Amino acid sequence: MILPALLIGLPFIAAAAMALPQPAVARRWVHRLVNLAALALALWLPWQADAPDGLFSTAPLPVLAAILVAGAGCMAGARGGDARPHDQARQGALLLAALAEPRLLAVMALALAVAAALARAGAGRWDRVRLAGVGLSLLLYGTVTLPSPAGAGCVLLGLAALAYAVPETLLVVLVSAGGLSAQTGPMLIVIGLGAVLICAATLLIHPRPGARMRLVALGQGGAVAVALGLHTPHALFAGVVLLVLLALSQAACRLAKPRSAAALAAAAGLAGIPPFGVFPGLVLLLVAVAESAPWLLLPLSVGLGGLGWASVPRLAPPRSSRSAAVAGSDLRRLSPAWLPLLVAFLAGFCLPEPAVVWLHAAAECMR
Amino acid sequence: MIAADGGLVLALGLGLLWPRQIGIALGLVAAQSGAVALSAVIRGQWVAAGLVLVFGAAVMPWLTRLLPPRAPERPAFGRWPLLLLGSVMVLLAFAAEPDGVPLAVLLLGLLLVAVHQSRPLQIAGFMAMQNGIALAGLDQSGLLPIACLLPVVPGLVLAAVWVRRS
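Residue numbers (my numbering), protein chains in the order written: chain A, 24 to 390; chain B, 392 to 557.
FYI, nobody ran anything at the bench for these hints, they're computed from the structure. Do not rely on the hints blindly, as some may be mistaken.
Claimed, not checked - Label-pair restraints from in silico Cβ distances:
no., chain 1, residue 1, chain 2, residue 2, range
1, B, 418, A, 59, 46 to 56 Å
2, B, 422, A, 67, 50 to 60 Å
3, B, 532, A, 36, 49 to 59 Å
4, B, 474, A, 390, 41 to 51 Å
5, B, 445, A, 306, 53 to 63 Å
Unchecked claim - Reference listing, derived: stretches of chain A covered by chain B, where coverage requires no fewer than 3 residues with Cβ under 8 Å from a Cβ of chain B:
no., region
6, 111-118
7, 137-143
Nothing here was measured: the structure is a model prediction, and the numbers come from that model. Just so it is clear, CB atoms sit at the ideal spot from N, CA and C, and this is done for glycine as well.
Starting from the given sequences, assemble the full structure and let the hints guide the process.
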C-alpha cells in the first residue's frame, strides 16, 4: 500500500513544487530526479509482497504498466528541454491509471492524464481535444456497463480513440485493453489489425515526415492488440514482450537527436528492422499467429511490412555535407538513446530466466 | 414508469439533432438532464438526481452559454439526413443491448459531436453523451453512479475551449 501510494504521490508533489516560481534549471533537475526516483520505486514494486488493499494492485500486469510508464517518463526527462508541472501531473495520473484497482478510478486518472497532456500542448489542436473527449466518454460508458458485450466494445473503441488522440497514454491503454482481452478477443484483433493496416497505408500513400514515427508506433501498438486479442498463452507472452520493446524503442526515438545515428537505429528498431527494437517481439507474435490463426499471417505481415517499408526514407543518410558531418560526429558521441536501444536488444535476445518468468506471470494475468 | 422516462430522455436526444441555434440546443440538453434526474428520483436516488440537476441542467449549460458566438454553423448533414442517421443509431443501440436507451443517448451525443462545427454545439453533444453515461450509471450500485454523474468529460472539453481562448 505504501510503496504504490508513494510512487503515485511523488509526481504530484513534484508538480506542486515545480509550479512555484523558480529558475528553469532547478525545475528541470527536480523533474529529472523525481523521474529517476519514480523509476526506482516502480522497479521495486515486483518485490513488494503487500496484500491487495482494494485501491492499488501489485499484480504483475499493472506493475509492468507502471514500470513502462515510469521508464518512459524517465527517458523523456533525460531529453532535456523545458520541464513543466504538467509533465509530472501527467506522469502521476498515468501511474495511478496503471495501478488503480477500481476501474472507475483508473478511468478518472486517465482523464486527468489526458487533461494534463492537452494542457501541456496548449489545447491548440481542437480535433485532438474532441477525439480525446469522445474516447473518454466511450471509455466511461463502457466501464459503467462492463460485463455486457456493448460495454466492452465501447471500452475498446474509447481506448483506441484515446491512444490516437493522446499518444502519451498508449502504454496504459494497451495494458488496459489486455485486461479485457478475455471478453473482447475478436474485436481487439479487428481494431489491432485495422490500426496496423491503416497506419501502414497512411504512411505509404500520404507520408508526412512529422507524423511518421507516431504512426509507426501506433501501428506497432495495433500489433500488440492483435497479440492480446488472440488470447493464447504464446500470443499473450508475445504481446507483453512486444509492449516492453515498443516502450523502449519509443523512448529511444524521443531521446535521439534528429538525423543522428541513434535516431536512425531507433527508427529502424521501432519499424521492426533488426537488431534493435521490436523485432524479437514481432517474431514471437508471428510464431504465435501461425500457431493459432494462420489466416491472419498474410494481412498482418503485409501491414508490418508496410510499416517497415514506410520507415525506409527516415533511414536514408543525410543529404547535405553539413548534416553528414553532424551525423558523423554523432557516431563518435554517445547519445542517451543508445541506453534503451541496448536494453531492448538485451530484453529481446538474451532476457534472464527470472525476467522471463515474471513476464509470463504478467501475460497470465490477462487470462 | 422507468421505460417512460427513458423514452423521454431518448426523444430529447433525437430532438437535439434538429436545432442549429445554441440557445435551443442547450435548453434541450438541460431538459434531457432534467429527464435523467427524474429517472433517478423514480429509482429513489435523490443524491444522483440533485447532482444531475445541478451540473447537467444548470452549471454546464450556463458555462457553455458564456462562450462567445463564432462563425455561423454549417453542419456536415442537413436536418433530415441527420435525423435518419440518428434513427439508425438508435436501432443499432437497441440491437446491441436489451435496454438500449443509455447507449442510444450516448450515440446520439456522439453524432452531434461529429457533425457540428460549432464548439458550443459540440459541447452540447458531450453533455448529451454524459446524460447517457449517467442513465447507465443509475442501474449500478455503490459509488459508481455518483462518480459517473459528474460532468468530467464535458468539463474537460469546456476547459480546453477556455484555455485555447486565453
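Verification of the hints:
no.: 1; hint: B:418 - A:59: 46 to 56 Å; verdict: holds, 53 Å
no.: 2; hint: B:422 - A:67: 50 to 60 Å; verdict: holds, 53 Å
no.: 3; hint: B:532 - A:36: 49 to 59 Å; verdict: violated, 35 Å
no.: 4; hint: B:474 - A:390: 41 to 51 Å; verdict: holds, 45 Å
no.: 5; hint: B:445 - A:306: 53 to 63 Å; verdict: holds, 56 Å
no.: 6; hint: 111-118; verdict: violated (count 0)
no.: 7; hint: 137-143; verdict: holds (count 4)
The structure does not agree with the numbered hints 3, 6 stated previously, though it agrees with the rest.
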